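Let's have the full structure, built from the sequences with the hints guiding it.
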Amino acid sequence: MEELLNKVNEKLKEHFHGDIESAEMLYDFPVFTIQKDRIHDVLKFLKEDEELNFHFLTDLCGMQTADEKQLGVIYHLHNMPKNFRIRVKTFFDINKPEIATATDLWPAANWMERETYDFFGVKFKGHPNLKRILNMDEMDIFPMRKEYPLEDQSRTDKNDSMFGR
Amino acid sequence: MSKQESINKEVFEEKEYSILNLGPTHPATHGIFQNVLKMDGEIIKEATPTIGYIHRAFEKLAEHRPYAQITPITDRLNYCSSPINNMGWYMTVEKLLGAKIPKRAEYHRVIIMELSRIADHIICNSVIGVDTGAMTGFLYIFQWREKIYEIFEEICGARLTTNIGRIGGFDQEWNKKTWDLIDTFLKEFPKGLQEFANLLERNKIFMDRTINCGPITAEMALSYSFVGPNLRAAGVDYDVRVMNPYSSYEDFTFTVPVGTSGDTYDRFMVRQHEMWQSLSIIEQAIKKMPEGAMHADLPDFFLPPKEQVYNNMEALIYHFKIVMGETDIPKGEVYHCVEGGNGELGFYLISDGGRTPFRLHFRRPCFIYYQAYPEMVKGIMLSDAILTMSSMNVIAGELDA
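As you go down the protein sequences, you meet chains G and L in turn.
Numbering-wise (this note's numbering), the first sequence opens with residue 1 and increments by one.
Numbering-wise (this note's numbering), the second sequence opens with residue 1 and increments by one.
Since the hints were derived computationally from the structure, they do not count as laboratory data.
Worth double-checking, as some hints may not be accurate.
Capping the alpha-carbon separation at 25 Å, the derived lysine-lysine pairs in DSS-like fashion look like this [unchecked claim]:
1) Lys306(L) with Lys146(G)
2) Lys123(G) with Lys177(L)
3) Lys11(G) with Lys47(G)
4) Lys89(G) with Lys331(L)
5) Lys38(L) with Lys131(G)
6) Lys89(G) with Lys45(L)
7) Lys177(L) with Lys331(L)
8) Lys131(G) with Lys177(L)
9) Lys82(G) with Lys95(L)
10) Lys96(G) with Lys146(G)
11) Lys60(L) with Lys69(G)
12) Lys96(G) with Lys60(L)
13) Lys331(L) with Lys69(G)
14) Lys45(L) with Lys131(G)
15) Lys60(L) with Lys131(G)
16) Lys89(G) with Lys38(L)
17) Lys146(G) with Lys15(L)
Quantities reported herein were computed from a predicted structural model and do not represent experimental measurements.
As structure tokens, this is what we get:
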């Protein structure tokens with residue numbers, strides 16, 4: 001796995017010098033953090049490079065950083081013939097949550113990006129049909145952001161500080 | 001306008017389509033999802049799926065619950081094979097903790113997971129039969145799911161939403177009745193499955209109805225991130241149990257059945273053969289069952305025996321900490337996937353060291369591959385579209401999370 005990390009890192013460095021913010025091993029996964037503006041180029045490169053050939057988009061999801069100031073999008077890619085898996089992350093300001101879509105690379109990204117938009121409010125530029133998918137259309141918040149509590153805060157029968165975060 | 005002009009004028013008749021609402025609650029959709037279909041007679045021109053009718057905010061809920069309390073949430077993803085979801089979640093946490101699980105517990109897990117895979121495939125395949133008009137097979141084979149549920153009930157007390165086992169292994173040894181039930185099942189189920197196979201597999205009506213119905217090419221399946229039986233039916237032999245063996249799957253010999261054309265018949269046949277393989281895996285696991293503990297050495301997650309809790313300070317402290325969710329969790333992020341009934345079921349867990357996950361994302365295979373449905377049913381008959389949907393085994397709980 002270390003080998004894979006180094007190999008992908010070398011290749012990425014060659015083509016995207018300076019756009020790679022970090023490359024590390026987290027448990028059994030090589031993880032790369034990429035500058036937001038280059039994410040589409042990097043994904044395209046990872047998919048189309050003959051040796052790397054990360055042709056399968058396993059997963060795409062959003063997250064919010066602990067300081068609540070940034071949003072992130074996380075891609076899990078898989079090269080099935082060689083059984084390589086990597087994780088690619090990118091982070092951006094929560095007030096300007098715009099990122100290029102990956103739907104042109106993988107049709108599978110369509111609903112996953114809609115889900116990410118639905119829950120975190122990440123706007124995927126170039127997405128063919130970016131609207132809510134699991135929540136109702138009338139909803140005006142992005143419920144997975146940390147600022148929105150799980151339950152009605154006027155409830156007095158539960159003290160959240162005693163149970164959970 | 002002169003007479004001549006009006007004769008020469010091209011007659012333009014606008015094509016009239018009808019809009020048909022399939023669902024949200026319709027027996028043929030086997031779950032709560034809606035498809036707005038644009039129909040030209042009986043041919044589907046366009047389908048627009050609406051989902052989210054049973055969205056229960058699992059990912060948000062999970063951020064507010066201690067790890068052990070997340071297991072019941074995973075039950076309700078693919079509720080046809082809850083134990084696989086439970087085990088997948090346990091293994092994700094164990095990966096984060098770096099726990100070493102004894103072989104004996106892992107073999108027990110394999111037995112449970114394969115039993116639930118059989119239960120899952122029984123439902124899907126018999127329902128394909130029902131949608132083609134063959135009710136008999138469904139009625140005959142469904143009692144075997146009941147027998148599997150009896151085994152689950154004996155192990156953990158629950159049947160459908162099982163919450164089976166613990167983080168680290170199992171709470172106790174399985175009793176004799178469980179093993180008796182498993183033995184009877186292994187002895188008698190092959191007969192039942194063979195009977196079901198005889199009814200449908202080479203049945204002319206069934207084959208005419210399902211072959212070339214809702215096919216998908218391997219390329220398209222891969223680009224839509226298909227996994228599990230649906231991808232294998234298209235001819236790609238991707239199975240998480242073989243690619244990234246977990247829970248000692250590398251100890252067992254089994255084949256991964258693949259189809260060729262990715263149509264409904266191939267999806268049906270792949271599931272049929274997987275059930276035989278699952279049976280063989282269970283038999284191997286019982287035969288090779290190693291001695292040892294049923295639980296990893298994880299006092300932070302394993303409730304101590306009750307008599308110790310009442311008589312021993314240490315045990316009381318552990319009991320309190322586990323029940324109140326006051327357990328130290330390492331920081332980190334892991335992705336773990338298992339081969340669920342519908343393919344790669346992934347858990348992406350980010351821990352900030354708190355008692356609840358910082359972020360937990362479920363990679364639900366149904367949600368990802370169901371988006372190919374509009375493309376798969378374009379230009380086919382409505383009745384074939386129903387069949388395609390049931391053969392994709394879209395489970396509403398997993399779809400909506």
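These are the hints, each one checked on the structure:
no.: 1; hint: Lys306(L) with Lys146(G); result: violated (38 Å)
no.: 2; hint: Lys123(G) with Lys177(L); result: violated (55 Å)
no.: 3; hint: Lys11(G) with Lys47(G); result: holds (13 Å)
no.: 4; hint: Lys89(G) with Lys331(L); result: holds (18 Å)
no.: 5; hint: Lys38(L) with Lys131(G); result: holds (21 Å)
no.: 6; hint: Lys89(G) with Lys45(L); result: violated (38 Å)
no.: 7; hint: Lys177(L) with Lys331(L); result: violated (41 Å)
no.: 8; hint: Lys131(G) with Lys177(L); result: violated (52 Å)
no.: 9; hint: Lys82(G) with Lys95(L); result: holds (23 Å)
no.: 10; hint: Lys96(G) with Lys146(G); result: holds (17 Å)
no.: 11; hint: Lys60(L) with Lys69(G); result: holds (19 Å)
no.: 12; hint: Lys96(G) with Lys60(L); result: holds (23 Å)
no.: 13; hint: Lys331(L) with Lys69(G); result: holds (20 Å)
no.: 14; hint: Lys45(L) with Lys131(G); result: holds (22 Å)
no.: 15; hint: Lys60(L) with Lys131(G); result: holds (20 Å)
no.: 16; hint: Lys89(G) with Lys38(L); result: violated (39 Å)
no.: 17; hint: Lys146(G) with Lys15(L); result: violated (50 Å)
Of the numbered hints given earlier, the model fails hints 1, 2, 6, 7, 8, 16, 17; all others are met.
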